[in-house]
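Chains as they are written, first to last, in this note's numbering: chain A, 1 to 501; chain B, 1001 to 1486.
A few of these clues could be false.
In silico DSBU-like pairs for lysine-lysine, Cα to Cα no more than 30 Å straight-line [said to hold, decoys possible]:
{"id": "1", "chain 1": "B", "residue 1": "Lys1381", "chain 2": "A", "residue 2": "Lys157"}
{"id": "2", "chain 1": "B", "residue 1": "Lys1094", "chain 2": "A", "residue 2": "Lys152"}
{"id": "3", "chain 1": "A", "residue 1": "Lys358", "chain 2": "A", "residue 2": "Lys480"}
{"id": "4", "chain 1": "A", "residue 1": "Lys83", "chain 2": "B", "residue 2": "Lys1396"}
{"id": "5", "chain 1": "B", "residue 1": "Lys1338", "chain 2": "A", "residue 2": "Lys235"}
{"id": "6", "chain 1": "B", "residue 1": "Lys1396", "chain 2": "B", "residue 2": "Lys1381"}
{"id": "7", "chain 1": "B", "residue 1": "Lys1338", "chain 2": "A", "residue 2": "Lys83"}
{"id": "8", "chain 1": "B", "residue 1": "Lys1094", "chain 2": "A", "residue 2": "Lys284"}
{"id": "9", "chain 1": "A", "residue 1": "Lys455", "chain 2": "A", "residue 2": "Lys411"}
None of these hints come from the bench; they were simulated from the model. No experiment lies behind these values; they were computed from the predicted model shown.
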Amino acid sequence: MRPTYEPVIGLEIHAELITNSKMFCGCSADYASAPEPNTNICPVCTGLPGALPVANRKAIELAALVGLALNCSVNKHNTFARKNYYYPDLPKGYQISQYELPICENGWLEVNPSPLTPLPKREGNNSLPPEGEGRGMRVRVRRVHIEEDTAKLFHEKNYALVDFNRAGVPLLEIVSEPDMRSAEAALDYATKVRAILRYLGVNSGDMEKGVLRFEANVSVRPVGSDELRTRTEIKNLNSFRALTRAIAYEIERQIQIYESGGAVVQETLGWDDVRGVTTSQRSKEEAHDYRYFPEPDLPPLQLSDEWIESIRTRLPELPEAKTARFISDFGLAPSEARFLTSERTLADYFERVAAKAKSPAKTVHSWIAGEFMRYLNDSGLSIDDVTLAPETLAKLIDMVTDKTIGASAGKTVLTELFKNGGDPAQIVKEKNLLQLTDVNAIQEIVTKILNDNPKEVDEYNAGKEALFQWFMGQVARATKGKADPNVAKELMVKGLEERKK
Amino acid sequence: MQLHSLTIREIHQLLIARQVSSVELTRAFLQRIREIDPKVRSYVTVSEELALEQAQKADERIAKGENVTPLTGIPFSMKDCISTRGVRTTCSSKILENYVPQYNATVTDKLAEAGAVLLGKTNMDEFGMGSSCENSAFFNTHNPWDLERVPGGSSGGAAAAMAASLAAFTIGEDTGGSVRMPAGFCNVTGIKPTYGRVSRYGLIALVSSFDCIGPMARDAYDCATVLEHIAGHDPHDSTTYQFPVPNYTQHINQPVKGMKLGIPKEYFVAGMEAGVESALQEAIRTYEKLGMEIHEVSLPHTKYGLPVYYLLLFAEASANLARMDGTRFGLSVSEGAKDVIDIYLQTRREGFGDEVKSRIMLGAYALSAGYYDAYYLKAQKVRTLLRRDFESAFSKVDLLLAPTCPTTAFKLGEKTSDPLEMYLSDIYVVATNPAGVPAIALPCGFSNNLPVGMQLIGKHLDEATLFQAAHAYQQVTDWHKQTPNL
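Let the hints inform the model, and build the full structure from the sequences given.
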């Protein structure tokens, strides 16, 4: 009988840091805006003989900030190291990284999804913090370290071109312990790390541009076992979709191997997104020996307690905390709160609308999660592109809530506000969208519709109840959607009932 | 008047008195290089055009009396591992034979700002790997005192150029004695400053944690003058000290009476040439007469100095030389290459000499998985012991006196077949670099008509005491004034 297998997954996340200059020289780190290749370069980032690195203070601050956000401890004494290997995108023949003493270590992140099984109790797990109140489980963050990005290669038919604009851009490597037990858990962890990086403003999270890249370590074992079996490493996963697909594929591949009596080989794999398979890149025997040693050109970083605390004060409210607050302060459902806090700017926007609006926070959420997001998605905009003032949106929502206008009129006004701006009350006036609440006026319209459509009235009264929506549609058409739907419905029901006899 | 044999301060007086112009002076040195250097072969590149241009500018500065420093208009040469924009910088290696830097080393910039005139770049052992200059990929440099002999290394070209009066001062570089050992062989004064005192930015690295740029000159006073101009914190070199640079020359005349001079007993052992030992003993007596207290001290880990030095050298150098890969600058051998790996292999195979290749391989080995702890890490631990040896000695004395080499200059070809024998010639000079302490080499006599050098080793950042002691010695001796017949 096939045993039930349990995957064991660890992630390495590479995240470029948003800084003005590169990690070890004064060149602009904004390679995406460089007018052409090899313009943001100097002797240091092209590895000319004699050039020396100088560490970027801002990048060190941001690295510590990320570490603190991931509940890591910051090493007051941490060191740079040389990672030696040859490749044309690595100008010095070594990458300056951190090895023995990274800037941050021993953190954790709470992960939500249900497929998780509890962590095995094993030696060395004692440092694991207690898990949250049933909300999820903790994935340990082994380390966060600073390194430099490589140049970009452009492969042509018989040669390759190198653009050094990206060479030396500050890069963080965030390494988890193998604590995830499903592709979904890995996805949730990766999503949360990305959200935190975006909250901190240290990375745009734009995976299409390659500013955030994943590598996954995967092994499988029979459920109940706590052994760590041979793992494979899947490199260069550049989207959440690739991450989950590659892990799911690899889990199944390894199970198949064990099921057919084989053994998993330790190797580095690539992910073929088109064919949907992992492919072998390097076996264990071919693995690089990076010959790490302390970088003699850079003295160890000595960080004081005061400095670390000053960085800690710069931590914003993070997604988890914000979610909890939205649930308790605004009475939102957990899923509603999580949606709003998925982006810091969205959460901020919501809070500003909620603060101005007299409507309940739940109503504000409905508008933002509904029509507001629909408009953004349809227009290909992001929350960062929104120029609509929160107080304006608050006014609009209140007009619907107090029935000044109907819901469909509200949508019309919202679209108008997005497109041309303006004041909601003014738009309502100009477009004549005030809700028809006068019972007599609505009665007149209902009576006219019933009189004009005797055939449909008879059909309805003969049992074709689906026609009711058709009658309501006639009201909406006659009033341009302005009639108070509750009043209209009541009068229509009454009118149809009267004509039954 | 022999312009080329004057000290920096003598030339400076002539320049500001307008008795000679920098252009005249520069022409005289260039002429002398043309006449003498074919015998000595100290220069890899003579930058005549740039020199005359800089001399012209220096003369203008002097004429206006603006921003004139003691180095304004003074012609000098530089070891060919220090980057000079527009002037090829080869490290005496085929792999950089035609490499012309796009930027100046900080030291190059500082000397240019001071108004010094660059005559050219001097020969060296390839990438500084050697003790005789015989590992230059281009040609041997000859010791001006005996053209059959080596000038020492790796700054052999700089020492020979200085001894042959082919520059008013030269800039060398000392990774494990590379200034002091050739200074001793060539009867020149030269200083290896404290690690981190002079910026390494633009210095093509051999051992990043040992490399020290230092001047060689006619005497300690001139060395002090030059060091004042090239030392100091550099925002481009994170390993430089923030401390301000003392005015060395201002205090150089302070008496040395009462200073405690340590004689490391481990440095005076069997194997030293008799003439070297007697010259050293005479120098100790001279210091005694000058009022110094002489104390025997112990540097117990001295015997580990050489293995520690070489192990760390191999390791760091293997990484430092990785960038010479034929893809961006320097030699690129791409003919017949199937892929970029072939370009790397072909370029490095043709571009590096045997000594460089063997050291890269030894370094890669020492750093490889499974050997790191036994070699690199162990060497770093012993390095700490070497440093403590000096700290402990300097808790008792103000400075140490030691030879620069167990022998005088050896013959060309004498040691090239035995690298270990060659390594042993550095036995007295290597330990200071892992420890980071400063040391000045100065002439202290002759043995069989060949110069003998001694070195004074000082506390961290205490170059001032070294200059005072060396200067005091040179006030009462004239070894440093002896010049070879060429």
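Status of the hints after comparison with the structure:
{"no.": "1", "hint": "B:Lys1381 x A:Lys157", "result": "violated, 50 Å"}
{"no.": "2", "hint": "B:Lys1094 x A:Lys152", "result": "holds, 29 Å"}
{"no.": "3", "hint": "A:Lys358 x A:Lys480", "result": "holds, 27 Å"}
{"no.": "4", "hint": "A:Lys83 x B:Lys1396", "result": "violated, 42 Å"}
{"no.": "5", "hint": "B:Lys1338 x A:Lys235", "result": "holds, 26 Å"}
{"no.": "6", "hint": "B:Lys1396 x B:Lys1381", "result": "holds, 24 Å"}
{"no.": "7", "hint": "B:Lys1338 x A:Lys83", "result": "holds, 26 Å"}
{"no.": "8", "hint": "B:Lys1094 x A:Lys284", "result": "violated, 36 Å"}
{"no.": "9", "hint": "A:Lys455 x A:Lys411", "result": "violated, 34 Å"}
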